[in-house]
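Given the sequences, and given the hints that come with them, work out the whole structure.
Number of protein chains: 4
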Amino acid sequence: MKIGIVGGTGYTGVELLRLLAGHPQAELRAITSRADAGMPVSQMFPSLRGYVDLAFTHPDQAGLDQCDVVFFATPNGIAMQQARALLEAGVRVIDLAADFRIKDIAVWEKWYGMSHACPDLVAEAVYGLPEVNRAQIRQARLVANPGCYPTAVQLGFIPLLEAGLIEDGSLIADAKSGVSGAGRKAEIHTLFAEAGDNFKAYGVAGHRHLPEIRQGLANVIGKPVGLTFVPHLTPMIRGIHATLYGRLKQDADLQALFEQRYANEAFVDVLPAGSLPETRSVRGSNLCRIAVHRPQGGDTVVVLSVIDNLVKGAAGQAVQNMNIMFGLPESTGLNVVPLLP
Amino acid sequence: MKIGIVGGTGYTGVELLRLLAGHPQAELRAITSRADAGMPVSQMFPSLRGYVDLAFTHPDQAGLDQCDVVFFATPNGIAMQQARALLEAGVRVIDLAADFRIKDIAVWEKWYGMSHACPDLVAEAVYGLPEVNRAQIRQARLVANPGCYPTAVQLGFIPLLEAGLIEDGSLIADAKSGVSGAGRKAEIHTLFAEAGDNFKAYGVAGHRHLPEIRQGLANVIGKPVGLTFVPHLTPMIRGIHATLYGRLKQDADLQALFEQRYANEAFVDVLPAGSLPETRSVRGSNLCRIAVHRPQGGDTVVVLSVIDNLVKGAAGQAVQNMNIMFGLPESTGLNVVPLLP
Amino acid sequence: MKIGIVGGTGYTGVELLRLLAGHPQAELRAITSRADAGMPVSQMFPSLRGYVDLAFTHPDQAGLDQCDVVFFATPNGIAMQQARALLEAGVRVIDLAADFRIKDIAVWEKWYGMSHACPDLVAEAVYGLPEVNRAQIRQARLVANPGCYPTAVQLGFIPLLEAGLIEDGSLIADAKSGVSGAGRKAEIHTLFAEAGDNFKAYGVAGHRHLPEIRQGLANVIGKPVGLTFVPHLTPMIRGIHATLYGRLKQDADLQALFEQRYANEAFVDVLPAGSLPETRSVRGSNLCRIAVHRPQGGDTVVVLSVIDNLVKGAAGQAVQNMNIMFGLPESTGLNVVPLLP
Amino acid sequence: MKIGIVGGTGYTGVELLRLLAGHPQAELRAITSRADAGMPVSQMFPSLRGYVDLAFTHPDQAGLDQCDVVFFATPNGIAMQQARALLEAGVRVIDLAADFRIKDIAVWEKWYGMSHACPDLVAEAVYGLPEVNRAQIRQARLVANPGCYPTAVQLGFIPLLEAGLIEDGSLIADAKSGVSGAGRKAEIHTLFAEAGDNFKAYGVAGHRHLPEIRQGLANVIGKPVGLTFVPHLTPMIRGIHATLYGRLKQDADLQALFEQRYANEAFVDVLPAGSLPETRSVRGSNLCRIAVHRPQGGDTVVVLSVIDNLVKGAAGQAVQNMNIMFGLPESTGLNVVPLLP
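Protein chains in written order, with numbering that gives the first Met the number 0: chain A, 0 to 340; chain B, 0 to 340; chain C, 0 to 340; chain D, 0 to 340.
The set of hints was computed from the structure by calculation and includes no laboratory data.
Worth double-checking, as some hints may not be accurate.
Treat identical chains as interchangeable: a pair holds within one or across any two.
Said to hold, decoys possible - The calculated lysine-lysine pairs, modelled on BS3-like cross-linking and capped at a C-alpha distance of 30 Å, are:
1) LYS248 - LYS199
2) LYS222 - LYS109
3) LYS199 - LYS184
4) LYS102 - LYS184
5) LYS222 - LYS248
6) LYS184 - LYS1
7) LYS199 - LYS109
8) LYS102 - LYS222
Right, dumping it as structure tokens:
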């Protein structure tokens, strides 16, 4: 499988490279960077020395239209400019940014602050959460890879909403992310001396992942949901921990519900009753580990859902989607054992 | 003021020493440790070299009954054994552990797993949250210094509950603590290599601070509250961030409500509307900084409350209580500017 | 290959499990723990859920003598008690502790504070630094896996000493280790709240790895070396960075020297001239990355050598030794791409 | 004392503000920022809310010439443009940047890459290391506040060099700094996700503090010194740990030497023999703590010197210099107890 990556200098880029370096069917053809064309990838990412021999290529010289699949690991607004030409050349496209995630163009334009370049492709794009949309992903030319928070939050709420067990108007998602979720960008608030030994909420008034989660959950139950979403910045590099609260409408065997919902999912691990998942238990891996609790037997259900934001929350899920799109075993190249400690 | 500290080898002990070293009225007479009697304090805590010249004393030789006030910075279950003798000698007592926090003895015994040695003193003890009980603290012989989570959570919920603005049966407190909250104890789960670069919930089934918070909030409204409390361990040293969720029963000017409630409080800082408090903004100080939000104008109110768990959550609040008990200006010795970065 | 691990509850144990889970020829038969017999491995190490299905076994019931090779991931002093019986049963043994590293029994007994149980096996044991002793390792029944600091320091000094380019009486090794190097033990000084946001030297008066490094370097040049070794504790989980100083006796092409020395080594990566290796560039991998500098063209050579202390400094090197002992390609199971960020 | 600060948006700026907020003689008149004029200081630095009520002022409107003293907490190259006018207005100046540190203009211009605007003021400026130049500082109009590494390194080497005990041609300074030393600048290599859980050397080929240290040490012995200086970036916020190596020329009581040299220094604390200073033992304070070792009784002396890079390495030393210049007790406003943990 000939693979191209557009925009490889961010964390989702290096993570794609790490995973594809261990993928037996993947042949990386090009990785582009306008600013760093010519620089060996291993100079920017010394971890890849000996594993990735390519240099960054200027996008115009990358021959992306000769690839079987192209990943966009770019800022928002790039993939929507370039996807059509690739699709018309028969290349399948997986966008790790947000360009094709939100079906309602007006909503997207409000949250992302730009006009959308290709609403028709948004309509065509498949939202790449395999645990929900596997069949459509298999047929897709264009996959919108989910955001990191939306992956952790949706996987935690879905069993409860599908079963109609919780009030859908007052969901609460209190989510905590490692700093790599902010990307590899020169900004003050994510400096070590700013984000270290510190904890804060952000985006309380509104975060771009809010409409994405709402859309995903609404699709599950066929009507809008009410959701309060509060993301927080945690002084760690990788990992998302979503603590989800819902009000139970009736009694149920929650543990069995979750186990059955994900019984056939390779990358969703429902932990034994009473478990407390740690972000490090999925560090570097494509797993989502989930535990469901009902504290003091009350009517509030608490779901704990952890992922590695750069893997199941980005590059790993993208590779999972690629595997599905090309008929490969879904775990190909994704059997990395989590790194602990 | 002659001061004794029982059990000075933990983090609340060293923090008491740091604050008292800068307190103009405090004369530290003795700091006890059964295990480390004879060791200079500055050998265990090199930060105090030049500020604290005492050595740890064996409890029997500390002359605590000659002090004006004795702080217990001990594990749970110690102060209740020793407080009576001190009180009878005319010494005032501030317990930083949990021995006198819970009025319902049966509840305390269930959560703390031991029989209580002196229920009558529990009845007498004043719960040392100055923003609620200042008048009683002024008269108290025996103060039960609040827990760290309970301080952050109660200060955040109190204005809303006092005003009757939120449903009191479905409160949610999603709280995150730095690792120093677990104390200076040789345990595996708080090792750097275990707690570093990792995030997890704990105590979901039940945490000892749950009944304490419930009692405090119930006192505010005169009836029981329903509360889901999920604490989390964050890879930082100091700080608690409580994210509190309540369902609004009616519209109100939440910002004004909070500002008025705490207008005369030296150590509660209500931030401007839209603010996102950071734990480091109170690092080393006795401040609680609070912001109140109503995301997307919905009926869920979100309160963000941060403290330094070792200061306003422990030693600083204890000194604040001491100042109140002895008629000193409440901020004496507590004007430490937070350390950022 | 049937494999047993004695003492699997520490960081070298979990790291062996992580690597062996991805090793195509490895069949893990037993992992022992006296204290935790019966507990599923994945309960202690949730990262291994889905990868390791064994429970810890009591040593007496582990059937270790049926294995092809047994790893000791135990505290010092255990392997020397048990190795003989296994060797006599035809099992090959790799000790990740220090029992067989020091040839001079008196020196060992002085630094490790116990009598040695089997000096004859020390004489037989091969010091498992493949870049020096590959031929002997191939024949060995018993391999003494090197310490973490000794691996990083020796690989950095060896080319210079072999070439006779530096004064051998005044070597300086200033080494920095992540906290996992102290093991998974309940101790105060490695708590997050103690070791976090802090840096200190330790063992300046004498560290157990000093005689090991001295022995290794002396073997290279056939006479004793003078070495000052100062280890430091760094607030990170994994990684060793050794900064090595030597006084040049003559001019030389240092870059070429290092490149030639390690040209055929799969796990020693000599970086381009001017490089500054980072510990994260080897995180989770068996690589040692090295750069050699001559600041301002003076007569002091500075070598920078980084490893992951738990991989090339422990479990990875042990698997590398196993591969050599059993005639497998040396990189089998060790092609893990480093995790960055 | 009327005080102005030019360039208050960096870490040395906020640290000056923290210390001056607790200084009984300091009256802060203005803090300038071209980019953020009008923004309340406490909005940028929430830790200062309640302690600093000023907003940033445009430099042209700050009335700096009405101050008694002005601190420059600016990037290199600013103070040299503005100092003359202030001095001529009778304002004393303390530059926390490097503009006046290096007496040899050619050396300065080579390392800092710009032409110097006022060589005559360099000649006049006093290098503000009180432990060496106290008398001159007392008389100075213009003080060049030392760099962070130079402070830690010089204080460690000075007693040995003054006593002529070590070879002065082969000094080695292996120094480790927290990330705040890189300043509050939007750069990729100091992001949390880059600098966290990572350790690396930098500036091995040449760091700007090298000529500053060389000059300071040469002044001590009256001739040039030979120095290899290797700085490292450590995943912590604050703190410098310098590990210094020298070759002894003769036997001596090193402990007594250090104790005597610094017997009258309020901010240099010579630890008892055998001590291992930790950076956190000086966190937030103006102390330098030092230990001297002679490992295994050999001829290599090892000095361990720790400071808080933002205090004794920057803002604290600047306040110390101000106190000296204005005849105040040297510790005024600097009695902050270090924050541990």
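Evaluation of the provided hints:
1. LYS248 - LYS199: Between copies only: 27 Å across chains, 32 Å inside a chain, cut-off 30 Å.
2. LYS222 - LYS109: within (21 Å within a copy, 44 Å between copies)
3. LYS199 - LYS184: both (19 Å within a copy, 20 Å between copies)
4. LYS102 - LYS184: For LYS102 and LYS184, only the intra-copy Cα distance (28 Å) is at most 30 Å; the inter-copy one is 38 Å.
5. LYS222 - LYS248: both (17 Å within a copy, 24 Å between copies)
6. LYS184 - LYS1: within (29 Å within a copy, 40 Å between copies)
7. LYS199 - LYS109: Classified as within; 25 Å inside a copy, 34 Å across copies.
8. LYS102 - LYS222: Result: close within a single copy only, 15 Å intra versus 47 Å inter.
Hint compliance for this structure: no hint is broken.
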